[in-house]
Amino acid sequence: MTEKLVYLMRGLPSCGKSYTARKLAGDTGVVCETDEYFYTQVGDDPTRYNYREDLLEAARSWNFERFRRAVDAGISPIVVDRGNSPCLESQRYARYAVERGYRVELKEPESAWWQEIRVLLKYKKITKVILYKWADRLARMNRSTHRVPASTIRRWMDRWRYDLTVEEILNYRPLNNDSTPREHALVSSRYGVERGYTVEPKEPESLVIGRCRGRTETTSATRVRPRLCFTRPEPMRHGQDRMAP
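Going from the sequence shown to my numbering is simple: count from 1 and add 946.
Hints listed in this document are in silico derivations from the structure and should not be mistaken for laboratory results.
Among the hints, erroneous ones may be present.
[Unchecked claim] The calculated lysine-lysine pairs, modelled on DSS-like cross-linking and capped at a C-alpha distance of 27 Å, are: (1) K1071 / K969; (2) K1079 / K1068; (3) K1074 / K969; (4) K1071 / K1053; (5) K1068 / K1053; (6) K1079 / K1053; (7) K1053 / K1074; (8) K969 / K950; (9) K1053 / K950; (10) K1053 / K1070.
Predicted model only: the values in this text are computed from it and were never measured.
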């Protein structure tokens, strides 16, 4: 039986994260991307990126629902294209997949400039000046797409964990909150399901990918192709910032 896979993408903006995600998904997988919400669910033109900070939580919920349906339908591979830092949101994706028999892996972009940046991030205590110059450059590179400012990229660089593992995400606990539900017990280092878990089978569903050119695009749960629909958005208003995905 073929092993079912979920990939959690990590990386900074304009480093090739989405390109690698689509490559990993191939023809039979699906990419779950929070930013897709601002293309297909906001505004009348699904080819334009219409980011609204007040809808960020709605976008996250929408993306997790797409992910949940893909997992329940047994689709593989599933690529979660978001920041995937150690946080409760990343943990929710990883645990949902593991508890349903998926293997979870972390993936990073393959671009040449990301290979340079990731080494700088490993030694960021002594490379911060160079890293911050990269933040300015990445901000210029993504100005025509998601428009993430350099200040936000620098903040993500400061929080970057070079040696992060899937197991750490699965076992993450907020520093100010020790109320992780008991049913989410620690899982083994092989990322398999902890003994004692029981999962009720669910009927496959059609997976709504989003609106596309005025219609709702629905695909079979057994074969989902990642949809690509990008163009140059209008410039961001001066001073507008963006939260991490």
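Here is how each hint holds up against the structure:
1. For the hint linking K1071 to K969, the alpha-carbon distance of about 33 Å lies beyond 27 Å, and the restraint is violated.
2. For the hint linking K1079 to K1068, the alpha-carbon distance of about 16 Å falls within 27 Å, and the restraint holds.
3. For the hint pairing K1074 with K969, the CA-to-CA distance comes to about 31 Å; that exceeds 27 Å, so the pair is violated.
4. Simply put, K1071 and K1053 have alpha-carbon atoms about 24 Å apart, close enough for the 27 Å limit, and the pair holds.
5. Simply put, K1068 and K1053 have alpha-carbon atoms about 16 Å apart, close enough for the 27 Å limit, and the pair holds.
6. For the proposed pair K1079 and K1053, the alpha carbon gap of about 24 Å is at most 27 Å, so the pair holds.
7. A threshold of 27 Å between alpha carbons decides the hint, and for K1053 with K1074 the separation of about 24 Å falls inside it, so the pair holds.
8. Between K969 and K950 the alpha-carbon distance is near 17 Å, which keeps this suggested pair within the 27 Å criterion.
9. A threshold of 27 Å between alpha carbons decides the hint, and for K1053 with K950 the separation of about 16 Å falls inside it, so the pair holds.
10. Restraint check for K1053 and K1070: satisfied, since their Cα atoms lie roughly 20 Å apart, inside the 27 Å limit.
In this structure, the hints that do not hold are numbers 1, 3, in rising order.
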